[in-house]
Amino acid sequence: MNFISIFYGLFLLSVLGIYWSLAQQKLRLWTLLIASLVFYGSLQIQYIPLLLALTYINFRVGLEIGKNTSPGKHSLDWQISNEEWQFAQGDWNRRRLKVLWLGIVLNVLLLLGYKYFTPLFKFVFNIQTNSPDSSFKLIAPLGISFFTFECIAYLIDVYRGAPATEQFIKFATYKLFFVKLISGPITRYHNLANQFNTLNLPNSDRVAEALWLIARGAVKKGIFADHLGIFVDLCFGNLQRAGSTDLWLATFAYGLQLYLDFNGYVDIARGSAMLFGLVLPENFDFPYFSTNISEFWRRWHITLGDWLRNYVYFPLGGSRRGLVRTCWNLFIVMLIAGIWHGAALGYVVWGILHGLALVVHRLTDTMSDRFENLEQFWQNPLGIFVAWLLTQLMVFTSWIWFRLPNLEDSSLVIRHLWGYPADAQFAEKVYVDALNMSQSQLAWILIALAALMAVVYTFNRILKLEFNWPLKLVFVPICFYAVWLLAPEGSLPYIYFDF
Numbered sequence: 001m002n003f004i005s006i007f008y009g010l011f012l013l014s015v016l017g018i019y020w021s022l023a024q025q026k027l028r029l030w031t032l033l034i035a036s037l038v039f040y041g042s043l044q045i046q047y048i049p050l051l052l053a054l055t056y057i058n059f060r061v062g063l064e065i066g067k068n069t070s071p072g073k074h075s076l077d078w079q080i081s082n083e084e085w086q087f088a089q090g091d092w093n094r095r096r097l098k099v100l101w102l103g104i105v106l107n108v109l110l111l112l113g114y115k116y117f118t119p120l121f122k123f124v125f126n127i128q129t130n131s132p133d134s135s136f137k138l139i140a141p142l143g144i145s146f147f148t149f150e151c152i153a154y155l156i157d158v159y160r161g162a163p164a165t166e167q168f169i170k171f172a173t174y175k176l177f178f179v180k181l182i183s184g185p186i187t188r189y190h191n192l193a194n195q196f197n198t199l200n201l202p203n204s205d206r207v208a209e210a211l212w213l214i215a216r217g218a219v220k221k222g223i224f225a226d227h228l229g230i231f232v233d234l235c236f237g238n239l240q241r242a243g244s245t246d247l248w249l250a251t252f253a254y255g256l257q258l259y260l261d262f263n264g265y266v267d268i269a270r271g272s273a274m275l276f277g278l279v280l281p282e283n284f285d286f287p288y289f290s291t292n293i294s295e296f297w298r299r300w301h302i303t304l305g306d307w308l309r310n311y312v313y314f315p316l317g318g319s320r321r322g323l324v325r326t327c328w329n330l331f332i333v334m335l336i337a338g339i340w341h342g343a344a345l346g347y348v349v350w351g352i353l354h355g356l357a358l359v360v361h362r363l364t365d366t367m368s369d370r371f372e373n374l375e376q377f378w379q380n381p382l383g384i385f386v387a388w389l390l391t392q393l394m395v396f397t398s399w400i401w402f403r404l405p406n407l408e409d410s411s412l413v414i415r416h417l418w419g420y421p422a423d424a425q426f427a428e429k430v431y432v433d434a435l436n437m438s439q440s441q442l443a444w445i446l447i448a449l450a451a452l453m454a455v456v457y458t459f460n461r462i463l464k465l466e467f468n469w470p471l472k473l474v475f476v477p478i479c480f481y482a483v484w485l486l487a488p489e490g491s492l493p494y495i496y497f498d499f
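So for the sequence shown, this note's numbering puts the first residue at 1; every next one is plus one.
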């Protein structure tokens, strides 16, 4: 069931009708849970038992971590010494830590097993799983990366002192909530559970905002991202024939496609959740206007960055143990981010590049603190522009390994980025037959799209202006009609479904 489809619209309206007709919170949770299972079943019904089992296992592990078996000092017999009480307290904490590690290892092994077992099996046994003769094929459950990260976050939060839920229906609804199950945003249990306790019918402002989010998300995905994706697929699918200019255009187009595709999904997810009286976190904040790589990661896939910061970077020591250790921690975090995205070596290279970029930024920041002239340069308009240009050049070129995780393909693109002529048939097939436009026209379209994003950024972030709710309601049907009219036939799958 695709978010941008009549089926999803009818499904959402049906679930909303049942949901708000029920007065009891528990019945509403059951409605959301059943709807989530139906939604996931329309995509991969074979994995529903697995997801339910994993949800229950993490629920039970959370209860064990949060179980108060600590000896209460004031309730102990007065004959028990303070030293004995401290020993019992330490023993209890060690037990909780062991249970926590058990839960983390189970989730990590699940993620690694599904995402890395198939390529490892192929490598070790030299099995061509994509060949017609091979019956070996293992497809990872959709959303398994987001699912396991949320489980790990919940277990760590409980270990750190947050209360473990005793209501399985509430935990299962949180874990399997269909609007965020496949591609996030990554949420924390206690934030959503608190909202479950105070569900209220959304007012006109909230409904208008929800519909506007869904409508603009559909435009981002259905019109912009999918049209860009056609060119990206044609270019990166014919690497030997594409010229340097074509590859640069495809690299830039893919960066925009990835942002609009994922941001569009999150907009629809947040809008859908809002209709149920729930608020999901923002996941993007105009990341392509960042002037350094650290800022980029505070504004790109915000919930993933928050997860990595809270559950990897801070436990490693963060920035509290000196410059060298800080740089090493930053590198490790981005290496993990690369491995999380997939098994191919290209994702590892992508993570390493971002890790090195964060290290360079941290070193540059440290030098700027020591040299006043350098700090003043980065603060003047020319320095800000140079910083933005270098940041975006690094981000967009690193997307090459993200889009082409096979190192042979990505290396070929890097070698052909300068001075490589295009095949004459490539230009005719791509620009004339498929796109019906010239190379220069496509370049101007990409520039216009970037300019449109700059205008939106100016109004939203600098001028702090946005549409009021009656105007948003006017634009909603216009957006839906535009998607129906202009979206390419046979919409492309969401990119982050692969992760």
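For the record, the hints were derived by calculation from the structure and aren't laboratory data.
Every value quoted in this text rests on a predicted model; they were computed, and no experiment measured them.
Mixed in with the good hints, there may be bad ones.
No farther apart than 30 Å at their CA atoms in a straight line, the calculated lysine-lysine pairs in the DSS-like style are these [stated by the list, open to error]:
hint, residue 1, residue 2
1, 98, 67
2, 429, 464
3, 170, 67
4, 170, 26
5, 98, 170
Here is how each hint holds up against the structure:
| no. | hint | result |
| --- | --- | --- |
| 1 | 98 - 67 | holds (13 Å) |
| 2 | 429 - 464 | violated (44 Å) |
| 3 | 170 - 67 | holds (18 Å) |
| 4 | 170 - 26 | holds (8 Å) |
| 5 | 98 - 170 | holds (25 Å) |
Violated hint for the displayed structure: number 2, the only one.
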